[in-house]
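Q: For reference, the chains in residue letters:
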Amino acid sequence: MKDSATLDLTDLPSHGLGTASVSWWGTLAFMLIEGTGFALSIVVYLYLMSLAPHWPLDAAPPDLLAGTILTALLIASLVPNIFLARWARSQDLLKVRIGLIVMSLLGMAPLILRVFEFPAMHIKWDQNAYGSIVWVMLGLHTTHILTDLVETLVLTCLMFSRHGDNARRYGDVSDNTMYWNFVVATWLPMYACLYWVPRL
Amino acid sequence: MRVASALLISAVASGCSGNQSALDPHGAPAIHMEHLIIGIVAICTVIWVVVMVMLGVALLRGPRAAADTAKSEAWLAMTVVAAVAATVIIIAGLTIASFYTTRDIGVPKSDALTITVRGQQWWWQVFYAGADATPGFQTANEIHIPIGTDVHLRLESADVIHSFWVPSLAGKQDLVPGRSNSMLLRAEKPGVYRGQCAEFCGLQHSHMAIMVVAEAPADYDRWAASQRGDATMPADPDAAAGRGAFLAKPCAACHTIRGTAANGTTGPDLTHIGSRLTIAAGLAETTRGSLAAWIADPQTLKPGNNMPMVPLTSAELQNISAYMESLK
Amino acid sequence: MTGRDSTDSRDTGFNDGELDHRLASVWSTPPGLWGALSSVDHKIIGRRYISTAFVFLALGGLLALLMRLQLAQPEARFIGPDRYNQIFTVHGTNMMFLFAVPVMQAMAVYLVPLMVGTRNIAFPRLNAFSYWMYLAGGLLLWIAFVLDTGPDIGWFAYVPLSGPQYAAGKRADIWAQMITFTEVSALAVAVEIVVTVFKQRAPGMSLDRIPLFVWSMLVTSFLVILAMPAIMIASTSLILDRLVETHLFNPAEGGDVLLWQHLFWFFGHPEVYIIFLPAVGMVSTIVATFTRRPVFGYLAMVMALIATGVLAFGLWVHHMFVAGLPRLGESFFTASSMAIAVPAGLQIFCWLATMWAGKPIFKTPFLFVIGFMVTFVVGGLTGVMVASVPFDTQVHDTYFVVAHFHYVLVGGAVFPLLGAIYYWFPKLTGRMMSETVGRWVFGLIFAGFNLTFFPMHILGLRGMPRRVYTYQPEMPWSALNLFISLSASILALGFLLFFIDVIRSARSGAAASSNPWGASTLEWATSSPPPPYNFARLPVIGSLEALSDQSTALPVATGLRVDRRELLVSSVVEAIPEARESSAGDSIWPLWAALATTATLIWSIFTPWAVVWGSIPVAIALIGWFWPKGVPEDES
Amino acid sequence: MGAQNRLTERTIANPAPAFVAGALLLLIGVGALLGWLRQPRELRLDPPAVADLDQFRRMPNGISGTPPESYFALGKPYETDAYNLSQGKRLYTWFDCATCHGDGRGGAGPSFLDGWWLYGPEMVSIVASIRDGRPHGMPAFRSRMTIEQIWQLAGYVQTIGSYTPKIAAPSRNDNEHTRPAENRGPAIILFDEGPLGAHPDQGPSP
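Chains as they are written, first to last, in full-length UniProt numbering: chain U, 1 to 200; chain Z, 1 to 328; chain E, 1 to 636; chain W, 1 to 206.
Take every hint as true, because none was put in to throw you off.
Below, simulated DSSO-like cross-link-like pairs (lysine-lysine); rule was C-alpha separation at most 27 Å, straight line: (1) E:K170 / U:K124; (2) W:K76 / E:K170; (3) W:K76 / W:K166; (4) Z:K109 / Z:K189.
No lab work stands behind these hints, which were simulated from the structure alone.
Chain U extracted, bound-state conformation (with noise of 0.2 Å):
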């Protein structure tokens, strides 16, 4: 069959960034995936309650402290983040790099409160499946953390390498902050489960 140019794509940037980057489309359909497994998480949570003749299952409520410094800590690392987004959609390597920097701390410090969640249950896995279930969700959100927390380490060394100065990589730098907004909105519902609900 013959051809006919009708269409010149000369002029297009060589790279795409946000809803233009397939990149991000890619991140919020992993998104998509993971907050269908989180709210099932909590699903069989309540649902694990609805079975139980009293709640918590042998065991004191959690204890607030930890678990709602964590909160705290996480919707405050919001701000930088959304600025680091706003430096990287602006290509500025000093601050993109700076703010990676930031950042990667603010994902190390809540790795360290989790520590504390753990013991805050009250209750271990193996007792009873209310234990079990808080158990899972609280290692399902911290492998969320963790993995976001190699990405954002990773992305940080790669600012400082020669590869780093590229729109490409402002867009890795974007989506992750995009996926860390999810791992932060997806703990909300779950602090509320996990730490307020058997108060209720």
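The hints should help you fit chains Z, E and W onto chain U, whose structure is shown.
A: The following block gives chains Z, E and W in isolation, referenced to the frame of chain U:
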């Protein structure tokens, strides 16, 4: 081949022996269900035939217009819309019919005769509750019910999920560990109705049958009275020797025979095993020969079941089989 | 960075021969083993995926024959209960997780980029990774089976039978972890397809110009994305219960055994539509081509696809009608299960209308579509039957249900798939399959299938439960079972002939032109098989029927670079060009990542610490995967 | 850049399907070989083999001994086979071992978890204890269980007191939970050095 599946099914149904078939109902719930089954199958068969005729005509119809006209497209659109509307109406009708049948199947009344069935890998433990003066009793793999009365089955499980299903009397209901399910069982005429575990439950899911014996109320009362009694000392010398062997060998560690020292609880209660129609959950008829075959080598007949092969001399084997047979 | 490139790296400056040469040099997979292992070409991976899935189909079919051999006579001693339970578990698991879902996704991996007019799938390395994960999961299951440690708990793995107390050894863990493998690969492919369809369509291919097959794969991919997390939570919980003593399914400690069934069927019912919807897309494509007209009611078809996808999540409880849930709740699920017949019916009527208005050409692919119509309508109607609670309590877990879902899955999905293989074989291999043999294949499979599975309806109504390794001679089932087993050999013969035809045609079939069927979708606008870059110049789409007017030249877009793998990103709704985007080059890292993940997942059924230590090589492999190598594809 | 280099390296050849099919067949072949080597789950042991299980020799002090030759020929199934171990766990419940030994922590009878086994941790000793009984209250189960069941039960009992978790050991039961499951090596978790200390000679050493 499938043009008249309803006809075919009813033809097959009329020819079958009928002791375990949804198409040979003898209890109110199963009868309601059979009406629903035949109705839905008939309607669906008609729908299938209509669609197939349309398919045949669409594929093979004669000369076609050279080009699609707007008029024929509009006519097609209207036909499709009408067909979808018909689908909606039929679906709604079937849903309503299904609701009504569900209601007709009914729930057991609280004062109905209650029998507890406990699923075990791979047999059925059956408890008849006692009343004030009369003690309850336990049996296995066989339920007797009086005809013409609602019977409330309480379904529980000792290990994994099983499913109680006697198709000629009612639909099925699962026995779920940690839960207690109920179902209504009712037979309209005397007979033996076979059922079988319907939820996959491990190695011997295939050999987990249960017999429901429906009998006239007087017969039922006579049966219940005899089941309440302890086992009696057998008169036959072989059987008496078998009794001794039974108690001396590992048999007594797992089985109970009321009236003897045997009080194991992991296997079926054998107090009146000789009166049951089958042994080993419907595996064979209760005869001295089948009992001997079963005791001699349970792992060949029902591989993986929890009854071990107990080393016995042939005399011991004969005597124990005779004793089992005598436990009427 | 726009405009920095010199014009001689653009496709505008070359004649056709020189352009092909340049594009081939950038897009080709290098020869040899290393090239094969590091390839990210969606066509190579797609073919690999399809071939592997058909190998699993053949193996699963052999298991089915073993079961039929055992069931041909009452109380047969050919296979014992322990082995039989493994056989039916592996048959079901294999057919669902290793054949049906992957093969549909594999067809999409091959076809969707071609049909939307792009040069490679989105995230090509993820695509390579997903194939390796799929292969590893399949090998795990099959090697375990051959080792006599295959799962023996049914493909549904109900607790407590699959739980720590009643499933000794690692059999159930192998099942659960195999699910993780196929889940990871299915989710990855779903993401690739969604993004490819959303962002990589040819300019002008607005939402209302997407081919129906692509629509069906888009809806399917969303079903995968929303349904698979449920089985992910379920299988992980099962492993946790078995390995580290959590109590999620233990009723004595506040867990619940029905929780498993809810989670499993919340995934398991959409799973049926994950398999069926792609088949709908295939049927629509084949019907359009072989009736010489577009499918009647494009918009209605798309709406039916979406409606089916939405309703699929509202009817999982109809698998649990006998579990003892409240009757009122069950009635709701009767209504919702019945309701899905409406979009299904709409699609059937639209195809009938298309056939009515078109001029049918009875080639093999179309024969399979006719076979699909005949059998799928049976399966759909028996589906309406089992949606009714009282009907279902009689036939649940009997051979009636075995017949029902084989009519839906084989009649509804495998027939269209076989038609699709005959239809797209020229595009897959550059050769035609034999029309004569094709008719025999269709005849044998159609007759064999119906003779095998139709009598099972009757067996079920006459009281024969599923998943029994034998039945007793006094039950009135022997004659029909023998008949079924004999009929199964006809079905097997049909499949054997199919496989022979595929292998023979792939080696020495007649060469195919670029558009042998005179079809109108974009994959036929390029050669058979397509070059590594799919399209020398990206097509520009002006109507739903991209190639309907064969006389005029195909409008194309120019201006892409030829010194790196470059494709076009366009907007979601209107497909307006937004950016030129690089597409990842070949890489061995997806294979390393898959191997590291495989080691971690298998190790983790023995000790939970595997997750901790195994994550280190996985992380290294992923960093190697994403770290820029200084090639043009890595820079903007 | 590099386009000319890549041009020479790349052709449109595609060896992948043949390679995958080959690899698949190879792996299936390897699997088939391994499968042939492996013993399947044994649901029914031949009566002579069962009888042989009864023929083991013991040391005069009742501690330790030699299992029958056939036990090794079978591949020590009662220690290594998950199915037999789980059957043993069933028997532990069914024969009310918990009445005296509790969940393994003992009661009227000795504990299995304290690192002090009066007759040592070897299978022959455990089988002999169950079959023939022991002084101070351990009854003989010779007439209540078959010898095969005794071996199964002994294999399970050995697992309870194990310090290194066995892969084949059973996991938790579906009932109220009193101690970590056998596959986590409860003895190492719950070990409580008594007044007599650990006895590496007569118990699994912690």
